[in-house]
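K.L.:
We have chain A; now place chains B and C onto it with these hints.
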Amino acid sequence: MAEEKPSGLDERRAGFARYKKDVKERGKSFFPYAMFHDTVMSLIVVSVIVGLAVIWKWTSYGPHHDGLHKGLIGPEYAPPADPGTVSFVPRPDWYFYFLFYLLRIFKWPETVFLGTIGVPTIALILLLALPFMDLRRERRPSRRPVAMVAAVLTIFSMGILTWKGATAKEALASEVIADVPSWVTQEKLPAAAIPGAKLFATAGCTACHTYLGTGSSNLGAPDLTAIGTRNLGISFQIRHLQCPSCVTPGSPMPKFASLGTARLHELAVFLESSKGKR
Amino acid sequence: MAIRREPSRAQVRREQMLAAATYPLDWLEERSGLVGGVKYFLFRKVPSDTNWMQTLGSATLTAFLVQAVTGVILAMYYKPSPHDAYSSIQNITDHLTMGWLVRGMHKWGASVFIILMFLHMGRVFLFGAYKYPRELNWIIGVLLLVLGLTAGFTGYLLPWDQTAYWASVVGINLNGTAPFVGPWLAQFLRSGQEINGNTLSLFYSLHMLVIPAGIISLITLHLYLVIRLGVTSPPWSREAAGREVVEEPSTVRTGLTRPAPHGGASGGSD
Amino acid sequence: MREEGMTPGPPEHGPSPTIWPLGFAVGIAVALVGLIVDPMVIASIGAVIAIVFGFLWARDATSEMRRAAPTVTAEVREATPAEAAAMPEAKPAPEKMQRSRFLEGATLGLGGIIGGLVTLPVAGFALLPSFLGQKGHKVDMGPVDAYPIGKWFISTFTVDPSEGEVSRRTAFVRNNGAVGNNVPSFTIISNRCAHLGCPVQANGPTGAILGEKNVTEHTVNGAILLRPVVPAGFGCPCHGGQYDTEGNRTAGPPVRALDRYSFEIDNGHLVLLSTFSVSHVVGVGAQAKIYKYKLSGPGQHVDGPEQWFYPLEPPHH
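Sequences listed follow chains A, B and C, in order.
Taking this note's numbering as reference, the numbering of the first sequence is continuous, increasing by one, and the terminal residue is 273.
Taking this note's numbering as reference, the numbering of the second sequence is continuous, increasing by one, and the terminal residue is 743.
Taking this note's numbering as reference, the numbering of the third sequence is continuous, increasing by one, and the terminal residue is 320.
So here's chain A without its partners, still in its complex pose:
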């Protein structure tokens, strides 16, 4: 990158002098030629801002005068802050989604500060140092392959992280429980499996397992939508829930023995009844 001839700076100075001369001789005056375009663009920007505000308000307030109503692009406000909550998942504003998802990627305790501070700091340093790393005079994108590939990769990865952050699901017991009725209809669960389904929804299973699209996949835990088709048997399920690593050596799944045998039986019935979408 820095294979500079000794005359590099002189060349750049000469190039800038040529630019200055060209602009002086053949340039146009900023007003009104360039400024007209600036004004058009600013009008678009202001219209978009006002438009978003209007859409936000007119679709969110809802029929029953409820500021929490979601609307098209978001509610007017969330419920009031409750520092003692046990049923809330914080989300940043969209432009921090990339960071939000980065934190989920660095899921090992030793790497936490890489996601929180490390990657953003490195990105910032690279940005600040950019003009000193790229010292060539060439500005045409077609002749700056490295820069263009780096830009595309950056945009791509930021886009992916933002998208993943926006669509990331979380297993909030108070929200997962609302899906139980639809599980019952979709999987045609018998009545005996319903207490187990409710337990499944509230006992943190969906923190790692997914079930009919609910829950978040962590630690390589399998999807349990059709776990019953494997016919593992009630007693295996109970033993597995009591001590997963005893039954499947190396399993990272925590023990659920503290729920008690009766509840584990309910859970096992639910799992064995889950034969997939029918």
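Heads up, a few of these hints could be off.
Stated by the list, open to error - Chain B is faced by these chain C residues, among others (derived, beta-carbon under 7 Å): (1) Val169; (2) Gly300; (3) Pro317; (4) His319.
Calculated directly from the structure, the hints in this document are not laboratory data.
Note that CB positions come from ideal geometry on N, CA and C, so glycine has one too.
P.N.:
Relative to the frame of chain A, chains B and C by itself:
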């Protein structure tokens, strides 16, 4: 004579009116030189083939000005205390006349401002406009991006709803994981060992005084450097790109006194 | 460059008379401070200093106007031996140079004093209150009888009722029963995630699914809400951290176990004291061995090599 006098009287009147109109400007110019400065800014030369993408910078400035104006108005009704913040936001959004519009513009303007900063940065990168002699302006731009994101972060807490509170908890704790200084930084941002009432007023002060002051100063510097160093032409430009011209263009100057119309298509006329 | 030529001249001649403004400024400052502290004595002393120095300064500043000639002759006399012949016209210059150099220094110095006088209080007030005088609180969680032995409760309380909702916190509480010489044992786990401080939830049935009712205890700390729960562990929905019922990390990014509250029993009531951090817990309930550390922020390692990233914790209660 009488016939000739009448137009001349009108002429005199017109001249008097013109003089009366320009008098305040002349007065201002003589005492400050400001009129000349504005004239210099407006009529300075820019490359004749600037691109639509180059309007993103001024669009970002417009978005910032929208934030500044709407923010000042919101500050008249917002109450930065844990007790009142949420209800004052409700009041602004649901009860005060047009409060929803100003808050909506501020809320969504923030997103637009940040998108535009990224787009503007992408344009500068694509055009290679961070190269000599504009390195310093790139750095100022990166700092503006950081300040813009910080403004977004501090402003996010102000509605004092669940999203606001918990996103700020995580955001503050993110800073807390920085080696060595992290715990101190986090405790400063929290104004104590736990988030309390002062945290909200600290964020309010940062959001509406400290960070805007920084952004305004940096924007001033940014614009000063743009005016001093000139607007970059597109890198594929046939003129004013600062490249060594190998062969003289064969086209003949048309002799038009007006600069060429906008866009690269008319390059032949120069 | 010209300075070198004039080094033989008297170097201290320029600065010495113009020390007066400094004394004048000190006098004014003392008078202003005196107005607040002791208007009679200190303010008068300040005024006297200011007047004396002001007079001397004025006399000095106007000396050139009043009698310009004597100063110049004095100058010539002192500089004569080598200088006079070599550069006769440089004579008035040395005084001017010295003077401007002194004024440069004085301006910068006085500016620095002004800056310091403004910056120190401002920076001090901006930073110090976050670190000094942090108060601890006691939280009355209600009678010990409200916590049947072996049962878990999600307990939500206000740490400082005068601060209001902002001090609302949640802890997972279990009465482990008395151990040894009738010493009560409680496991009280904070619901602040050790990863980045998100609200941790209990992985287990509560309320209607569990078939038990919530209880509210009214104490000096206001209403304490106790929600019975049978947790298989604790989990954080933000970034997927998982903990067992002792608060040990079992999966995900948390850097240590969940924080705990220390407690005391006062008049038959469970009272929460300060919070502390825990690297890990061995054993269960009353028999658990808890590896305690000073309270650290979420995401900060308390043990292992990474603890050296956070060598100095800010003052906590």
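K.L.:
Hints first: check each against the structure and report whether it holds.
P.N.:
Verification of the hints:
no.	hint	in the structure
1	Val169	holds (4 Å)
2	Gly300	holds (4 Å)
3	Pro317	holds (4 Å)
4	His319	holds (5 Å)
Checked against the numbered hints given earlier, the structure satisfies every one of them.
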